[in-house]
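What follows is each chain in one-letter form.
2 protein chains.
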Amino acid sequence: MEELEIYAWSKMRHSFNSILELPERYRRNLINSIHGAKTVFLVGTRNASHQSNLAVFSQVLHIGANPPLVGLLFRPDSVQRHTLMNIRETKVFTIQNVRENFFRQAHLTSARYPEDVSEFNQCDLTEEIIADFKAPFVRESSIKIGLSLNSEIPVEVNGTHLIIGQIELIDIEESLISDDGFIDAAQAGSITSGGLDSYYSLKRLARLSYAKPNQGIKEI
Amino acid sequence: MEELEIYAWSKMRHSFNSILELPERYRRNLINSIHGAKTVFLVGTRNASHQSNLAVFSQVLHIGANPPLVGLLFRPDSVQRHTLMNIRETKVFTIQNVRENFFRQAHLTSARYPEDVSEFNQCDLTEEIIADFKAPFVRESSIKIGLSLNSEIPVEVNGTHLIIGQIELIDIEESLISDDGFIDAAQAGSITSGGLDSYYSLKRLARLSYAKPNQGIKEI
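Residue numbers (my numbering), protein chains in the order written: chain A, 529 to 748; chain B, 529 to 748.
Keep in mind that a hint or two might mislead.
Copies of the same chain are indistinguishable here, so a pair counts whether it falls within one copy or spans any two.
The calculated DSSO-like cross-link candidates involving lysine-lysine, where the alpha carbons are at most 30 Å apart (straight line), are [unchecked claim]:
(1) LYS662 - LYS731
(2) LYS662 - LYS619
(3) LYS662 - LYS539
(4) LYS731 - LYS539
(5) LYS746 - LYS731
(6) LYS619 - LYS740
(7) LYS619 - LYS539
(8) LYS746 - LYS662
Think of the hints as simulated: they come from the structure by calculation, not from any bench.
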């Protein structure tokens, strides 16, 4: 740690072993927030008895555009277990953006409600059915995606599960889509989350031109 | 599409089949931006001949905190192929935050440079070696993470690869870590990206208390 002195600020340095020795809550906060702000979603499902469920979720990956695929990482031991069970049972789910005007309600969906209680009711969000899709959407969202279960990939190192969904339905305000297909997340009112409990709104910096060697970057 | 008329705004609605029929560039923009703003990183590697490489990357998952694991999704056919080859060759890589004051340089790393050219030089970012770690860091970042390759999981549906890294080193300004381990992404100067080419800065909305049924949400 000798090189600390060359910095104008103090450094915190950790190794794999020193991370393992941290108090559990400190480690959970540190490792969950170290990635920065992530996209945050509400995931809507129903079980076989049509009981609806809604869960806030920030572990989302773009898997591919053709075919259109989305990945969600689940911890089976978490409050998201109802969501995972429902996806396995019904093979469909929805994801939709969290907007600044209802992020507290979205956060409240992470409370451990009993299985026979709908987070839509408890958290004051409106269940919406679109085009007979078999999983519920959130009316207050501006970007709504219906997905079918494509495959489930076990992540053996820690028992998590990557759920791959195929996009079956997109429902979005037309004004949010630019001529080339791009959706501006800030214009959509979408927010991001950091760690387990923090939320951030977005300010657009720039849209940049396709990068090529030895050419300048332009704003588009 | 009869129910369009009940909305005060126009709706764009797509099915799986209508997405497949979209022009390729429009579909790529739409499906890449539909998730909203994602965390964005620079990934640093070297090949066996010590040639360094740097790539901007937004496909990052928190896999777990104990042990501390991070996942990155790679498309083998992309400009990120050098990064994937280097990780397989040397078994180590770094990830670090993109800050608002150098996001144009970070974007420029996505240009298709030849393998024997270092993006550090081409994009005016400073290569930094920390504690003899075998992959290069970016001096301009405020959150730096060194990882070893834990495992590689093929995503068979579209030939992508989920790389799981174990955190071996964290180097961060001490003032960015709160007493309970949380790192505020906005305070760290971290930004997010949307779609393939857009960047957003963050404004902290709130840090919210752990959600419990029938209890209000408080700011903490």
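Right, here's what the structure says about each hint:
1. LYS662 - LYS731: neither (35 Å within a copy, 36 Å between copies)
2. LYS662 - LYS619: This pair counts as within: shortest intra-copy Cα distance 9 Å, inter-copy 44 Å.
3. LYS662 - LYS539: between (51 Å within a copy, 20 Å between copies)
4. LYS731 - LYS539: Answer is both; intra-copy 29 Å and inter-copy 24 Å each pass.
5. LYS746 - LYS731: both (19 Å within a copy, 25 Å between copies)
6. LYS619 - LYS740: Between copies, since 28 Å is at most 30 Å while 42 Å is not.
7. LYS619 - LYS539: Intra 47 Å, inter 26 Å, cutoff 30 Å: inter-copy only.
8. LYS746 - LYS662: neither (44 Å within a copy, 34 Å between copies)
Checked against the numbered hints given earlier, this structure breaks hints 1 and 8; the rest are met.
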